[in-house]
Amino acid sequence: MKTLLIAIVCILFSSFSVSAVSMFDKVNDFDGDGHADYAVTRNENGLKIWHIWRSTAGYLVVQWGVADDAVRAGDYDGDGRTDLAVARLTDYVNNRYYYTTFYLASGNGSVAAVTANAGDAIGSLALNNEDYDGDGKTDPGIFQWHSIGFLAYRSSITGTMNSAGMGWFQVKVGDLNGDNAADIAAYDITTQELTVVQGAVGRVRWGNSGDRWVPADFDGDNKGDIAIFRAGTGEWWWIRSSDSVVNVVRWGINGDTPVQADYDGDGKTDHAVYRPASPQSTYWVLGSGGQSSAFGFGISTDSAVTY
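First residue of the sequence shown? That's 1346 in this note's numbering, and the numbers climb one at a time after it.
Quick caveat, the hints were computed from the structure, so don't treat them as lab data.
Mixed in with the good hints there might be a few duds.
[What the hints assert, rightly or not] Listed below are the simulated SDA-like cross-link pairs for lysine to any residue, each with C-alpha atoms no more than 25 Å apart in a straight line: (1) K1482 to T1445; (2) K1568 to G1600; (3) K1517 to A1412; (4) K1613 to S1638; (5) K1517 to W1551; (6) K1613 to N1567; (7) K1568 to Q1625; (8) K1517 to D1564; (9) K1568 to N1599; (10) K1482 to S1500; (11) K1517 to N1453; (12) K1568 to A1509; (13) K1568 to S1508; (14) K1482 to T1651; (15) K1482 to T1503; (16) K1568 to I1584; (17) K1482 to N1522; (18) K1482 to D1378; (19) K1482 to L1472.
Being a predicted model, the structure only gives us computed values, none of them experimental.
When you get a sec, could you build the whole thing from the sequences and use the hints?
Listed below in structure tokens is the structure:
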């Protein structure tokens, strides 16, 4: 088992008042000012280095995790700010997988860890950390495959493992019905049908095989819109939760990474992509009001921190 190496190069913890916000408003908001921040990770000498340009608190560089850890940033301490977090397979006993999420609490800089486990998996496992119990804290979740899909997550309220069965593959959709809890949803790659099995119950055919699900609240009603990003065309397709109107916008090109978040702080998710390039990569943001911006950040081998 690897040892989590922590070497804080530069870190400032700023005090911001904490208020109830939707999970979409908190995406990549490391300083809690209501604006999403630009964030990438870089693997150097076997370690994972985080580079974050915070809209209020300034530039931050932190070594957190090792190179092959999975990046799982989220609000694990419930203070309204995104925490640096990585997940790692820490044990395998009796056909049961144990994944531990190590996070750096933004409130006081303390180190914490929480482990979720899933067993009897036939197929590969995938991690999907979200706030499933609606208490404002991100919960570690593991998707596994038996004869059907299956999600196991550890509730931050009770500390116990919970589970839900589903077909095919779990996708992240966030809170679809406004109850502040992430809804568990599965996507059938053969029928392109999304089935919500917890929270907002229902089914919808949306997207094509190969599309990327992009949790977002484009209309600012604190409910998630059913949304995908189509890499081949750079198109975003979504169903607005406020009136069920279908929308499409082209923002991005093949090879871009979708990094949707609220960069302008108006309570609505903005369309955004991260474009790797040499000598510098760039964030391209299309604000909810139609304004566009570009921010050069990172190098071609960096990975954008995504929700």
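Evaluation of the provided hints:
no. : hint           : in the structure
1   : K1482 to T1445 : 16 Å, holds
2   : K1568 to G1600 : 28 Å, violated
3   : K1517 to A1412 : 24 Å, holds
4   : K1613 to S1638 : 16 Å, holds
5   : K1517 to W1551 : 14 Å, holds
6   : K1613 to N1567 : 8 Å, holds
7   : K1568 to Q1625 : 35 Å, violated
8   : K1517 to D1564 : 18 Å, holds
9   : K1568 to N1599 : 28 Å, violated
10  : K1482 to S1500 : 9 Å, holds
11  : K1517 to N1453 : 29 Å, violated
12  : K1568 to A1509 : 22 Å, holds
13  : K1568 to S1508 : 23 Å, holds
14  : K1482 to T1651 : 17 Å, holds
15  : K1482 to T1503 : 12 Å, holds
16  : K1568 to I1584 : 11 Å, holds
17  : K1482 to N1522 : 18 Å, holds
18  : K1482 to D1378 : 18 Å, holds
19  : K1482 to L1472 : 16 Å, holds
Figure legend: structure checked against the earlier numbered hints; hints not met, in rising order: 2, 7, 9, 11.
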